[in-house]
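Modelling step: build the complete structure from the supplied sequences, incorporating the hints.
Each protein sequence line maps, in turn, to chains U and E. Okay, so the first sequence: first residue is 5 according to the working numbering, each after it adds one. Okay, so the second sequence: first residue is 500 according to the working numbering, each after it adds one.
Certain hints may be false.
[What the hints assert, rightly or not] Each computed BS3-like pair below joins lysine-lysine, with the alpha-carbon atoms no more than 27 Å apart:
#, chain 1, residue 1, chain 2, residue 2
1, E, Lys643, U, Lys401
2, U, Lys295, E, Lys576
3, U, Lys70, E, Lys643
4, U, Lys297, E, Lys576
5, E, Lys613, U, Lys297
6, U, Lys68, U, Lys13
7, E, Lys655, U, Lys295
8, U, Lys401, E, Lys655
9, U, Lys12, U, Lys68
10, E, Lys655, U, Lys68
11, U, Lys401, E, Lys613
Calculated from the structure, these hints are not laboratory results.
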Amino acid sequence: MKALPEFKKSLIISLWFMLLTFPIMVIRVNTIEKVVEWRWRNMAFIGIGSFLLSFVWRYLLGRKEKGRKLAEAGSVEARPFSRRLLDEPRIYRPALAAVTLFVVAFPFLFSSYQTNIMTTALMYVMLGLGLNIVVGLAGLLDLGYVAFYAVGAYSYALLNYHFGLGFWAILPVGALLGVLFGILLGFPVLRLRGDYLAIVTLGFGEIIRLILENWNEFSFGPSGIANIPRPGLFGIQMSLNEATIYLYFLMIALCLFTIFVVNRLQDSRIGRAWIALREDEVACQAMGIDKTKTKLTAFALGATWAGMVGVIFAAKTTFINPASFTFLESAMILSIVVLGGMGSIIGVILGAFILILTPEYLRAFSNYRMLLFGMTMVLMMVFRPQGIVTNVRRIYKFRARGRDGESSQA
Amino acid sequence: MDSVLEVNGTTMDFGGLRALHAVDLQVRQGEIAALIGPNGAGKTTFFNCVTGIYEPTEGDIFISPPGGKRRRINGVKINRTAELGMARTFQNIRLFPNMTVLENVMIGRHCRAKAGVLGAILRGGGTRREEQEIVDYSYEILVKIGLADQVDELAKNLPYGAQRRLEIARAMATEPFLLLLDEPAAGMNPRETEALEELIVRIRDEEKISILMIEHDMKIVMSISDRIFVLDYGEKIAEGTPAEIRENPVVIKAYLGEDVNA
Numbered sequence: 005m006k007a008l009p010e011f012k013k014s015l016i017i018s019l020w021f022m023l024l025t026f027p028i029m030v031i032r033v034n035t036i037e038k039v040v041e042w043r044w045r046n047m048a049f050i051g052i053g054s055f056l057l058s059f060v061w062r063y064l065l066g067r068k069e070k071g072r073k074l075a076e077a078g079s080v081e082a083r084p085f086s087r088r089l090l091d092e093p094r095i096y097r098p099a100l101a102a103v104t105l106f107v108v109a110f111p112f113l114f115s116s117y118q119t120n121i122m123t124t125a126l127m128y129v130m131l132g133l134g135l136n137i138v139v140g141l142a143g144l145l146d147l148g149y150v151a152f153y154a155v156g157a158y159s160y161a162l163l164n165y166h167f168g169l170g171f172w173a174i175l176p177v178g179a180l181l182g183v184l185f186g187i188l189l190g191f192p193v194l195r196l197r198g199d200y201l202a203i204v205t206l207g208f209g210e211i212i213r214l215i216l217e218n219w220n221e222f223s224f225g226p227s228g229i230a231n232i233p234r235p236g237l238f239g240i241q242m243s244l245n246e247a248t249i250y251l252y253f254l255m256i257a258l259c260l261f262t263i264f265v266v267n268r269l270q271d272s273r274i275g276r277a278w279i280a281l282r283e284d285e286v287a288c289q290a291m292g293i294d295k296t297k298t299k300l301t302a303f304a305l306g307a308t309w310a311g312m313v314g315v316i317f318a319a320k321t322t323f324i325n326p327a328s329f330t331f332l333e334s335a336m337i338l339s340i341v342v343l344g345g346m347g348s349i350i351g352v353i354l355g356a357f358i359l360i361l362t363p364e365y366l367r368a369f370s371n372y373r374m375l376l377f378g379m380t381m382v383l384m385m386v387f388r389p390q391g392i393v394t395n396v397r398r399i400y401k402f403r404a405r406g407r408d409g410e411s412s413q414a
Numbered sequence: 500m501d502s503v504l505e506v507n508g509t510t511m512d513f514g515g516l517r518a519l520h521a522v523d524l525q526v527r528q529g530e531i532a533a534l535i536g537p538n539g540a541g542k543t544t545f546f547n548c549v550t551g552i553y554e555p556t557e558g559d560i561f562i563s564p565p566g567g568k569r570r571r572i573n574g575v576k577i578n579r580t581a582e583l584g585m586a587r588t589f590q591n592i593r594l595f596p597n598m599t600v601l602e603n604v605m606i607g608r609h610c611r612a613k614a615g616v617l618g619a620i621l622r623g624g625g626t627r628r629e630e631q632e633i634v635d636y637s638y639e640i641l642v643k644i645g646l647a648d649q650v651d652e653l654a655k656n657l658p659y660g661a662q663r664r665l666e667i668a669r670a671m672a673t674e675p676f677l678l679l680l681d682e683p684a685a686g687m688n689p690r691e692t693e694a695l696e697e698l699i700v701r702i703r704d705e706e707k708i709s710i711l712m713i714e715h716d717m718k719i720v721m722s723i724s725d726r727i728f729v730l731d732y733g734e735k736i737a738e739g740t741p742a743e744i745r746e747n748p749v750v751i752k753a754y755l756g757e758d759v760n761a
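Structure below.
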């Protein structure tokens, strides 16, 4: 019987909270009538509330512990629920069809405001997938990812301003500049790991932002660059609404492209090298993997996507200034990766939608947005540190064994 | 017999600490050599020098792969020495815990494959064939090592003895001519040790891989090694066949201490 001590602990916690919050929640000095009000009812609420919360918290922790023990004993099915769903063609085919239909119909069913939000979410999907290469696969904690995003955005804005180059010409340039800056950041941090790497990348992100903010001749400083043209389509004139829809489909296509490429990279010799680097750097080198090359490709290929999304961002908002590329943005993208599940493509997509769309649709709670955000993150880290979707290692087929036959893996 | 590894007068200093002092050692083609010595004698430092984790302060290290050119490898980086054909395991197991057993071995194939970024994205016929070869080759090694039943298991879920064997499998995937095993029997029970003994001999005989191992388990050292090198305080104090080493008074002194009556 574990219930009684749990009960006692929760009781102590609630008493402690009542005591702690006593001065602010119970006592109020009414300066006009010069009396002290005693709000005992508040105290009761806090007592009951903290008691219930702590009880539920303990219950969940206990359940998690039990689950972990079961998993260690090997009595739990190793494959998570999401994976089993995906393996069942009767479920995922109709689901895929429904999602496709919804995605195609979306801009025609909803207002252009909604389409705009969705486009933003898709941009974050791409950013998340890009950062996922660096953080999720290669295990290099990059807190300055937004720098590459800024590089992309400014490359479009500036090249357009000075040379009048169009969106489609700059999109690959943005990607290439992303690669270039990825390598530029990669070189000095080759020897760094963990916290040190995080700090240096954080600094890098800030350096780029501060340069953009202060080098007026180059970037027009805080006033930013306006009148950036939207993406064109063979010179067709589009209304604002049409342009929104066009950008939406463009984003869908680019997202699909990103997913395709990232998926292939992940499942390749290079992807495996990234994961090995994340798992054990020394052993990875001892197996003949060139650390320098592997890290640089991770930084470069991660930054590519940020560079591309940057170009799109500039084209979408038609105005950019350094304020769009603060550390908060990096933190947001990192949260998407962590919340969704490091190394999992579906996880990152889900993470991006959750983190970008919920604040938009829950405007009523906008005052509590950061509070809820922080709370969700803390809860996730306690109860599901691996993210919403766990990355499952691939099972390979080979001819040496009858795997493709009757003894296919259950 | 030809030496595949030749270490001449290698000294390794860490600041004021001399971890290795003028060590000479040769591993001949097709032999099992053992490196023994009390704790802190510099055995693992020696391994780190040879595989390129450290660059020795003095001395020369030569390798001559069978059928290849003799070359000096001082200061060659660790991933290059692996490419050149020296694979190692680690004293405290260093697997990739969240990758499957098969993937761990596949990482060993990395340096023998060449698909690049573009190849990975386009995934043409060549890349696909190469991938399949990596998978098949890795699986074959796992069959040889005896881990074929656990290919899809995560490495961290393997029992201790199996993890040690997986490290050997991963090292073998790099197609080495010389395998450096750092305490392969550490933490194994007697039955696992026996299986390991048999495995090491088989690797030498069937795969024609020469072996240099650090080991504390004297039973395995004495029964399978062709030659033994003894290190103490960073210096080589003896070398010879197991029988010679067993009788060597210097070695006995290093291990058991001075005889009071002598």
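Structure-based check of all given hints:
1. Taken as a hint, the Lys643 (chain E) and Lys401 (chain U) pair is honoured in the structure, with Cα atoms around 18 Å apart against an allowance of 27 Å.
2. Proximity of Lys295 (chain U) to Lys576 (chain E) is assessed by CA-CA distance (about 10 Å); at most 27 Å being required, the pair is judged to hold.
3. Annotation: proposed proximity of Lys70 (chain U) to Lys643 (chain E) is violated, straight-line Cα distance about 38 Å (limit 27 Å).
4. As the CA atoms of Lys297 (chain U) and Lys576 (chain E) are separated by approximately 13 Å, the hinted pair is consistent with the 27 Å bound.
5. For the suggested pair Lys613 (chain E) and Lys297 (chain U), the alpha carbons sit about 13 Å apart, so the restraint of at most 27 Å is met.
6. Pair hint Lys68 (chain U) plus Lys13 (chain U) holds up; C-alpha atoms about 19 Å apart against a cutoff of 27 Å.
7. For the hint pairing Lys655 (chain E) with Lys295 (chain U), the CA-to-CA distance comes to about 23 Å; that is within 27 Å, so the pair holds.
8. With a CA separation close to 22 Å, the supplied pair Lys401 (chain U) and Lys655 (chain E) stays within the 27 Å bound.
9. As the CA atoms of Lys12 (chain U) and Lys68 (chain U) are separated by approximately 21 Å, the hinted pair is consistent with the 27 Å bound.
10. Distance restraint check for Lys655 (chain E) and Lys68 (chain U): the Cα-Cα separation of roughly 20 Å lies within the 27 Å cut-off, and the hinted pair is therefore satisfied.
11. Distance restraint check for Lys401 (chain U) and Lys613 (chain E): the Cα-Cα separation of roughly 21 Å lies within the 27 Å cut-off, and the hinted pair is therefore satisfied.
Violated hint for the displayed structure: number 3, the only one.
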